[in-house]
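One line per chain: the protein sequences are A and B, in this order.
Under my numbering, think of the first position of the first sequence as 1, with each following residue one higher.
Under my numbering, think of the first position of the second sequence as 1001, with each following residue one higher.
In case anyone wonders, no lab produced these hints; they're calculated from the structure.
Quantities reported herein were computed from a predicted structural model and do not represent experimental measurements.
Cβ coordinates follow ideal geometry from the N, Cα and C atoms, glycine included.
FRET-style restraints, in silico, Cβ to Cβ:
#1 A:Val-13 to B:Phe-1111: 16 to 22 Å
#2 B:Arg-1066 to A:Glu-74: 20 to 26 Å
#3 A:Gly-29 to B:Asp-1151: 36 to 42 Å
#4 B:Glu-1159 to A:Ser-51: 39 to 45 Å
#5 A:Gly-18 to B:Asn-1123: 37 to 43 Å
#6 A:Ser-51 to B:Gly-1134: 49 to 55 Å
#7 A:Val-13 to B:Gly-1010: 22 to 28 Å
#8 B:Asn-1177 to A:Ser-51: 37 to 43 Å
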Amino acid sequence: MKARVFVTLKPGVLDPQGKAIRQALEGLGFGGVEGVRAGKLIELDLTEGTSHADIEAMCKKLLANTVIENFKIERQAG
Amino acid sequence: MKSAVVVYPGSNCDRDLAVAIRDVTGHEPAMVWHRDTELPEGTDLVAIPGGFSYGDYLRSGAMAARSPIMRAVTDAAGKGVPVIGICNGFQVLTEAGLLPGALMRNAGLHFVCKPVGLRVENNQSIFTNAYAAGEEITVPVAHHDGNYQADAETLARIEGNGRVAFRYIGEVNGSANAIAGIINQSGNVLGMMPHPERAIERAHGGADGRRLFMGLLEAVA
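Modelling step: build the complete structure from the supplied sequences, incorporating the hints.
Here you go:
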């Protein structure tokens, strides 16, 4: 089975990279981009039957720094 | 004094830190590899150096904070052994949960590498007792991820308990409250972005970092 973990900065945490991306988009002539926040997508290849709790523990212990980041788990069948 | 310098793949200030400790204290530190599971018997100072441990993969300090030696470092910190983390070492200590908050990408997005002015905010700690309260010193920084952030409640707690050791004079990297270095609640763990080991003799352009190690020697020995 596979799972995708989305790691995003918590609301309110300054994201200098997102800000730079927004400015670059603006420089390329894309108007109307009011904000950009950059995060990470981590794809996990897991043994069948790995529990949601296990994946959550992985997120809390390593994949996300919960001081500044939120995470979202998306399990994919097959 | 029996100090230990922890070395990770990608550390690059480990030797400078060892030289500073040896120079100031007269004792050669043990170099401890990240895969080791124990600190040398009787270690009375643990130093975590700067660099780019594990290539800064995932987040600065994230992998190093979960390496085998960190269990021993956490145990030692819990028993009151002084632990100092400099630059990447500070990032490792926050990732390991030994210090609150996190170090994010510099607000200006640039790698900042220059001597900066610091104010000694608290000279009552084992790390800062050789400085005067409010003293202004110059110590080099060299980092990309030195932007210290914590939630409002944590910041208020740190400030209220006098746990800010050093504060930047002027804007450096966007850190909340211009925090350059903090101490843990029990007073035996310090994390700081500036490099005192790069300012221990005149030839370095300044020796303001030297007294940090002198103070530690005094406190530990």
